[in-house]
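Engineer: Please put together the full structure from these sequences, using the hints given.
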Amino acid sequence: MTKCILIIEDEPDLRQIARLSIECFTDWQADTAATGVEGLQKASTLAFDAILLDISMPGMDGFQVVEHLRSHPKTQTIPVILLTAKVQPNDQHRFATMDVTGIITKPFASETLAYQVAQLMGWSIESC
Amino acid sequence: MPHRSQSSGLKQPWTIPLRWMLVVPFAVQIVAGVGIVGYLSYRSGQRAVETLAEELMHELDHGIQQHLKSYVGRAQEINQTNLTAVETGVLDLKDFDALGQYFYRQMRQFNFSYVNFGGADGSFIGAGYGLNQAREIAEIPRSNPNRLSTYSVDDQGNRLQLIDLESHPQTNQANWYRDAVQAGKPIWSSIYPYGDLPDHISISASAPVYDPQGKLQGVLGIDLELTHLSRVLQTLNHDRSGVIFIIERSGLMIASSAAESPAPIVGGQAQRLAARQSREPLIRDVTQALIEQFGGLKAIAQPALLRPDLAGQPFVKVTPYRDDYGLDWLIVTVIPEAKFMGEIRANAQQTWLLCGLVLLVTLSGSLLTARWIAQPILRLTHASQALARGEWQEAMEKNSSTTEISLLFLSFNRMLEQLKLSFTRIKTALEESEEKFTTIFMTSPDPIAITTADQGGHYLEVNDSFLTLTEYSREELIGKNSAELELSLDLQQDQTLRRLLETEGSVRDFEFNYRTKSGKTGTALLSLETVELDGQLRIITIAKDISDRKRAVAALRESEERFRRAFDDAAIGMALVALDGKLFQVNRAICQIIGYSEPDLLQQNFQTLTHPDDLSMGLENMRRLVSGEQHSFQMEKRCLHKQGHVVWTSLSVSLIRDHQGTPLYLVCQVQDISDRHSAERIKDEFIAVVSHELRTPLSAIRGSLGLLKSGKLDHQPEKFNQILQMAVNNSDRLVQLINDILDLERLESGSVQLVRGECHVADLIAAALEAIQPLAYQAAIEIKWTPIPATVYANHGAIVQVLTNLLSNAIKFSPPYTIVGINVEFVGIEDFQRERFPSLAANLSLISCPCLLFSIHDQGRGIPPENLESIFERFQQVDASDSRQKGGTGLGLAICKSIVQLHKGQIWVKSVVGQGSTFYFTLPLAIRKP
Numbered sequence: 001m002t003k004c005i006l007i008i009e010d011e012p013d014l015r016q017i018a019r020l021s022i023e024c025f026t027d028w029q030a031d032t033a034a035t036g037v038e039g040l041q042k043a044s045t046l047a048f049d050a051i052l053l054d055i056s057m058p059g060m061d062g063f064q065v066v067e068h069l070r071s072h073p074k075t076q077t078i079p080v081i082l083l084t085a086k087v088q089p090n091d092q093h094r095f096a097t098m099d100v101t102g103i104i105t106k107p108f109a110s111e112t113l114a115y116q117v118a119q120l121m122g123w124s125i126e127s128c
Numbered sequence: 001m002p003h004r005s006q007s008s009g010l011k012q013p014w015t016i017p018l019r020w021m022l023v024v025p026f027a028v029q030i031v032a033g034v035g036i037v038g039y040l041s042y043r044s045g046q047r048a049v050e051t052l053a054e055e056l057m058h059e060l061d062h063g064i065q066q067h068l069k070s071y072v073g074r075a076q077e078i079n080q081t082n083l084t085a086v087e088t089g090v091l092d093l094k095d096f097d098a099l100g101q102y103f104y105r106q107m108r109q110f111n112f113s114y115v116n117f118g119g120a121d122g123s124f125i126g127a128g129y130g131l132n133q134a135r136e137i138a139e140i141p142r143s144n145p146n147r148l149s150t151y152s153v154d155d156q157g158n159r160l161q162l163i164d165l166e167s168h169p170q171t172n173q174a175n176w177y178r179d180a181v182q183a184g185k186p187i188w189s190s191i192y193p194y195g196d197l198p199d200h201i202s203i204s205a206s207a208p209v210y211d212p213q214g215k216l217q218g219v220l221g222i223d224l225e226l227t228h229l230s231r232v233l234q235t236l237n238h239d240r241s242g243v244i245f246i247i248e249r250s251g252l253m254i255a256s257s258a259a260e261s262p263a264p265i266v267g268g269q270a271q272r273l274a275a276r277q278s279r280e281p282l283i284r285d286v287t288q289a290l291i292e293q294f295g296g297l298k299a300i301a302q303p304a305l306l307r308p309d310l311a312g313q314p315f316v317k318v319t320p321y322r323d324d325y326g327l328d329w330l331i332v333t334v335i336p337e338a339k340f341m342g343e344i345r346a347n348a349q350q351t352w353l354l355c356g357l358v359l360l361v362t363l364s365g366s367l368l369t370a371r372w373i374a375q376p377i378l379r380l381t382h383a384s385q386a387l388a389r390g391e392w393q394e395a396m397e398k399n400s401s402t403t404e405i406s407l408l409f410l411s412f413n414r415m416l417e418q419l420k421l422s423f424t425r426i427k428t429a430l431e432e433s434e435e436k437f438t439t440i441f442m443t444s445p446d447p448i449a450i451t452t453a454d455q456g457g458h459y460l461e462v463n464d465s466f467l468t469l470t471e472y473s474r475e476e477l478i479g480k481n482s483a484e485l486e487l488s489l490d491l492q493q494d495q496t497l498r499r500l501l502e503t504e505g506s507v508r509d510f511e512f513n514y515r516t517k518s519g520k521t522g523t524a525l526l527s528l529e530t531v532e533l534d535g536q537l538r539i540i541t542i543a544k545d546i547s548d549r550k551r552a553v554a555a556l557r558e559s560e561e562r563f564r565r566a567f568d569d570a571a572i573g574m575a576l577v578a579l580d581g582k583l584f585q586v587n588r589a590i591c592q593i594i595g596y597s598e599p600d601l602l603q604q605n606f607q608t609l610t611h612p613d614d615l616s617m618g619l620e621n622m623r624r625l626v627s628g629e630q631h632s633f634q635m636e637k638r639c640l641h642k643q644g645h646v647v648w649t650s651l652s653v654s655l656i657r658d659h660q661g662t663p664l665y666l667v668c669q670v671q672d673i674s675d676r677h678s679a680e681r682i683k684d685e686f687i688a689v690v691s692h693e694l695r696t697p698l699s700a701i702r703g704s705l706g707l708l709k710s711g712k713l714d715h716q717p718e719k720f721n722q723i724l725q726m727a728v729n730n731s732d733r734l735v736q737l738i739n740d741i742l743d744l745e746r747l748e749s750g751s752v753q754l755v756r757g758e759c760h761v762a763d764l765i766a767a768a769l770e771a772i773q774p775l776a777y778q779a780a781i782e783i784k785w786t787p788i789p790a791t792v793y794a795n796h797g798a799i800v801q802v803l804t805n806l807l808s809n810a811i812k813f814s815p816p817y818t819i820v821g822i823n824v825e826f827v828g829i830e831d832f833q834r835e836r837f838p839s840l841a842a843n844l845s846l847i848s849c850p851c852l853l854f855s856i857h858d859q860g861r862g863i864p865p866e867n868l869e870s871i872f873e874r875f876q877q878v879d880a881s882d883s884r885q886k887g888g889t890g891l892g893l894a895i896c897k898s899i900v901q902l903h904k905g906q907i908w909v910k911s912v913v914g915q916g917s918t919f920y921f922t923l924p925l926a927i928r929k930p
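Residue numbers (my numbering), protein chains in the order written: chain A, 1 to 128; chain B, 1 to 930.
In case anyone wonders, no lab produced these hints; they're calculated from the structure. The C-beta atom is built at its ideal place from N, Cα and C for all residues, glycine as well. Treat each hint with caution, since some may be false.
[Said to hold, decoys possible] Partner residues are not named here, just some residues of chain A that face chain B (Cβ under 7 Å, in silico):
1) Ala85
2) Pro107
3) Glu111
[Claimed, not checked] Footprint (simulated), chain B over chain A, 3 or more residues, beta carbon under 8 Å:
4) 37-51
5) 65-77
Structural biologist: Structure below.
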């Protein structure tokens, strides 16, 4: 069954690269959201197998998005993988307390992003 | 052992010998008893005498009155009888022979002096005593009124012979006749001398006789000789101790019991005697007293008893005597007190004599008794006193016959034996005690000295320790005193010590600074006691050398002071904290760090001062200290400032234990690391931001390249180029970012020296406009400015960068078709003071004036007030998405700020949200070339 991934990223370039990184290397479908609010809206109305989530976003940041996701029945079980440039120890400590499936740090290798996601999710991957 | 002896000789202020104790009260009682009895007896006698005198005088008075009534009063009665007889015709006034006989009989019967009738025609008939005291009848016949014939008579009244003839007698002219005729009724005549007889006075009762027609017939008269009254009075006053007298109200004497004539002969004539001229002193004085007492004799209306203050204290009674015919006399009875008191005085003398005898006998008896009782007791007393003086007595011989005293002797002898026995025991004990004392005295490690108790205070004996302390030999010390040896360091303490000893009797632990023979000084605690040794007052002084202790204490104090100052003045905050967390000593530094005054801080504890998030770790560290798992610990912790904010501190704690290892308290050192912490936090944040900011374009580059390299886009040239362009753009952004970071770092670290020179404002703005024009064109923004001819002293490139950055921001945030204005003006300090820029008020001193003020105004969305200052910080854009949407690295304004400040200018912004913003910065005018 085709996996469906939601990418929430405020940087347009990165949003596009992430989407291409998923779609060019797998048969998964990728949807994107430019803000946390838009992401939550999509997550609660559409069905996603996983969410790639940026942390540093204007308005609602990644931490708040996870909080909202986990507090709504419809979204609380969606696996979240953080895609973040925050690599300071303090950030890492905080991530450890969050209910997320994995963390992929920026800059990421676009050619292996899908592979990394599959690994974290325990999915098999077939190259396009 | 020496001991203080009780004062010998039980001296009491009031002691009375037993003998006097026994005799005196007894004698006093007897004297008092006898005296009271004697006095009462005397008083009662006196009262009896008064009563007696009153009774006696009453009796005498009564007797006199009775006599007067019967003697004097009868004359008037007889006159009345004769008058009645004439009126009834029984008596014929014309028959002088019968009348003469009748009168004679009456005269004899009633002992009258004369009874007579004088006719109105000058006739006269009377019988009585003649001048020679012989009885006679005298007649003046009617037939010849010029001749008075006097006849001698026999006992029957018969005329015997004519004995005298008198021509021209004037009987009608005599008082007795004339007074009665004048009165017209029976009266008494005034008192008159009887003829020329010496010492005789008489009074006549006269009654006029009228015929039925009321015509005067003559006067009936009876003469009374008053001398008779004196005799009666003399009879009544038979013992002559007192005096009785009768006087007229005029004070003339009528009769008296004294042997004195009431009418003595003066110059051959009998003259009436006035009572006040009486030879008898009692009469004279009493009369005078009566006049004085009543204010005249006429004033005495009632009988009165009196005791005039006269010699002999006489009792006096005065009684008026009156009758219906005008008689008005005073009867005065005088009885001297001596008459009665003589007896009573004799009686009193006898009483006093008897009392004296009784007193003498009683005193002798009581003296003997007292001697009898007191003698053996006196012996016992003497024996006891001798014993008290320490003179041993042999057993006393009991030679008293009194049981109790014999028993007393027996007890005394027994006591004597017991005392001897006890004394022997005590003496032995005392000797042993003295020996012990000597041993203790000599071997005591504490210096001891015995001195005289007088002002001199000379040493009598000292022990070896005393010699060691003072460094003197016994020979040098004995006989000298402290002053002579200069043992005392100052005179004051000597005086204090002596005063204490005098007032308290003893002194305990007196701190005494001494000097030894060699001049060493030290301190000793002295205890002094005044005692009696061998009957003499001595002072025992025991010293305890505390010099070492004093030095140790001083050293300790100094050490403590050093520690205290080190503690108090330490630059680092210090606190001593009890195991329960309570602060019990703090220094100034820690008070400053957490904003408390010392007293307030001492009310706090570790728990209340620690940020809740750090508390558990702090308590855990303390627990480990106390349990011995670690000796000290350091931690960074947040303290709570009194104002409520957090102060980052570095805390070092160690535990102090006592010798047994029991934890006592904690020593805490606290260092304020707020600045360091803040700097570190800013650095961390900057690194985090820079890291994030660098990674974002890098991610785009890496992602783009990864996609391109994978060949997945090889067949999609458009997509391929788009991704390639994305990589290029992000590379540029990355380069810009790195350049900005480096620029900023160089500017802020001061590692770059901006080369400054004179720059024309027009050149600067032109250069900036040239750089920014494409952007403005693209954004459809018009830039307006008015050039002014001014020159600033600045680095051209840097100021152009500032202007470019500010213009770039203004363009980016302005809506299309709006204007961005540039303005440059000269300003002085007064412009700032005119409150044109209130936000600058605090920083005025940082602006060097005069200067050029640049302002760049836009009509963009404006900046919220809370961001007006922070936008000049690094990566502090109002909106995080601005860097993407508007370009820019978030470092532009921070770079502007650094550049302006390096030019000694200021940069700030005024803005109203929705209306636009104006960025200002100042640059100093180029006045002269440096």
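Engineer: Classify the hint on A/Glu111 as holds or violated, based on whether any CB of chain B lies nearer than 7 Å to its CB.
Structural biologist: Cβ of A/Glu111 sits 4 Å from chain B, so the hint holds.
Engineer: At a Cβ distance under 8 Å, does chain B reach at least three residues of the region 37-51 of chain A?
Structural biologist: With 0 residues in contact (Cβ-Cβ under 8 Å with chain B), the coverage given for the region 37-51 of chain A is violated.
Engineer: Once the shortest beta carbon distance from A/Ala85 to chain B is found, is it less than 7 Å?
Structural biologist: The hint holds - A/Ala85 has a Cβ within 7 Å of chain B, the shortest such distance being about 4 Å.
Engineer: Taking a Cβ-Cβ distance under 8 Å as contact, does the region 65-77 of chain A have three or more residues in contact with chain B?
Structural biologist: violated (count 0)
Engineer: A/Pro107 was flagged as interface toward chain B. Is the shortest Cβ-Cβ separation under 7 Å?
Structural biologist: Hint on A/Pro107: holds, closest Cβ of chain B at ~4 Å, below 7 Å.
Of the hints listed earlier, those the structure fails to meet are numbers 4 and 5, in rising order.
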